[in-house]
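Colleague: Listed here are the chains, written in short residue letters.
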Amino acid sequence: MLQTLGLLLGCQLLGEITVRGFGLSIPGPVLGLVLLVLLLGAIPALAERLRPTTMIILANLSFLFVPAGVGVISNFAVLTQDGIVLLVILILSTVLSMLAAVGTFIGVRHVTERWTA
Amino acid sequence: MTDVASLWSYLATTPLIWLTTTILAYLVADGVARRLGNPPWANPVLMSVLLIAPVLWLTQTDYKTYFEGAQFIHFLLGPATVALALPLWDNRDTIRASVAPILLALIAGSFVAAGSAILLARAFGLPMEVLLSLAPKSTTAPVALGISEAIGGVPALTAVLVILTGIIGAVTVTPLMNMLRITDWRARGFAVGVAAHGIGTARAFQVNPVAGAYAGIAMAMNALLTSLIVPLLVRWLV
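Those sequence lines, one after another, are chains E and R. Under my numbering, read the first sequence as residues 893 to 1009, first letter to last. Under my numbering, read the second sequence as residues 203 to 440, first letter to last.
Isolated chain E, as found in the complex:
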């Protein structure tokens, strides 16, 4: 467990250093994710060593968002003026975005599968 945590934090740290060093606009952990995929490509056996701890973290991903979620309640004042309108916009925009993504994914998949078949 400690080895896995150390590796995850190490990848994040390398990601943060690279992002700051080059002034990139992606977050350090996202670059850390890419680094870990590259590392898994170099050492495939690493996957099974990482699996137990990683799966526990990912199975409880929702838990990690609770502190930020509580922040929404304490910052609710910023929503008071346009609160209902903002909520309607968020619902519409989120659903439209999911429809665009899922429609494109399925559509392109059909075309490419027919093409390669």
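Hints are computed from structural coordinates only; laboratory data are not their basis. The C-beta atom is built at its ideal place from N, Cα and C for all residues, glycine as well. Where hints are given, some of them may not hold.
Per label pair, the in silico range of CB-to-CB distance [what the hints assert, rightly or not]:
hint: 1; chain 1: R; residue 1: E331; chain 2: E; residue 2: I935; range: 46 to 52 Å
hint: 2; chain 1: R; residue 1: A299; chain 2: E; residue 2: A969; range: 29 to 35 Å
hint: 3; chain 1: R; residue 1: V301; chain 2: E; residue 2: P944; range: 29 to 35 Å
According to the in silico footprint, chain R covers these stretches of chain E (three or more CB under 8 Å from chain R) [what the hints assert, rightly or not]:
hint: 4; region: 898 to 904
hint: 5; region: 910 to 919
hint: 6; region: 937 to 943
hint: 7; region: 986 to 997
Partial chain E-side listing against chain R, Cβ under 8 Å, derived [stated by the list, open to error]:
hint: 8; residue: V922
hint: 9; residue: F955
hint: 10; residue: I981
hint: 11; residue: I983
Knowing the structure of chain E, use the given hints to seat chain R on it.
Modeller: Structure of chain R alone, referenced to chain E:
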């Protein structure tokens, strides 16, 4: 024996009490969600927040004090994002086979997420700083805050809108996809990852591991794309 007031004044200064409260609230919320069979409306993040908020209100605890304890949990979002590398690695063969659907769905989802937010905000006549705070709402919080600041939005408002977007995506994805009879877990996961970042990804993992892996890819790629396209969309659409 110390009296309750002095015990409380001691506890209130340590991170222990709010760390424990957060874990207990989540265990209750997640336990209820599981017992109900993880229905979309019983979102564990939302339920935990609804359990913790009245406790903070009753004890007159401000968010800063709460966060001194809760920051240890919040911090783990970083390594958890890195951990998404494993499901991505596990699914590398199917991902390689669906590069075209992934890239085009990413572009479509990302443009519609930011573009529709900007156009709807204009249609409803929202103030400019609210519109600019809304534009990056579908990407992961650190990226969204950076974009908001760069284009002249209010980062504090963006933070709230990002979390609400995540919860909305997590709650609506299952009924929406079931209604459309979409059975491809890759497409379902990818869509919620693009539109609703990490909270959507957490929901996808709750439903199906393949959906979770694709949601993770979508979230990571959208962090990159949103920071490139939102400044452009603001220039075109505002």
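Colleague: Does the interface hint hold: is V922 of chain E within less than 8 Å of chain R, judged Cβ to Cβ?
Modeller: holds, 5 Å
Colleague: Does the hinted range 29 to 35 Å hold for V301 of chain R and P944 of chain E at CB?
Modeller: holds, 30 Å
Colleague: Is the listed coverage of the region 986 to 997 of chain E by chain R valid when you require three or more residues with a beta carbon under 8 Å from a beta carbon of that chain?
Modeller: holds (count 12)
Colleague: Check, residue by residue, whether the region 937 to 943 of chain E contains three or more positions whose beta-carbon lies closer than 8 Å to a beta-carbon of chain R, and give the verdict.
Modeller: Answer holds; 3 residues pass the 8 Å Cβ test.
Colleague: Can we keep the I981 of chain E interface hint, with Cβ of chain R closer than 8 Å?
Modeller: holds, 4 Å
Colleague: Are E331 of chain R and I935 of chain E spaced within 46 to 52 Å by their CB atoms?
Modeller: holds, 48 Å
Colleague: Return the status of the interface hint for I983 of chain E: holds when the least beta-carbon distance to chain R is below 8 Å, violated otherwise.
Modeller: holds, 6 Å
Colleague: Three residues minimum, CB to CB under 8 Å: does the region 910 to 919 of chain E make the cut for coverage by chain R? Let me know.
Modeller: holds (count 3)
Colleague: Any CB of chain R closer than 8 Å to the CB of F955 of chain E?
Modeller: It holds, given that the least Cβ distance between F955 of chain E and chain R is near 5 Å, below 8 Å.
Colleague: In this structure, is the beta-carbon distance linking A299 of chain R and A969 of chain E contained in 29 to 35 Å?
Modeller: 49 Å Cβ-Cβ, so the 29 to 35 Å window is violated.
Colleague: Taking beta carbons only, do three or more residues of the region 898 to 904 of chain E come closer than 8 Å to chain R?
Modeller: Held - the region 898 to 904 of chain E has 4 residues with a Cβ nearer than 8 Å to chain R, which meets the minimum of three.
Checked against the numbered hints given earlier, the structure breaks only hint 2 and satisfies all the rest.
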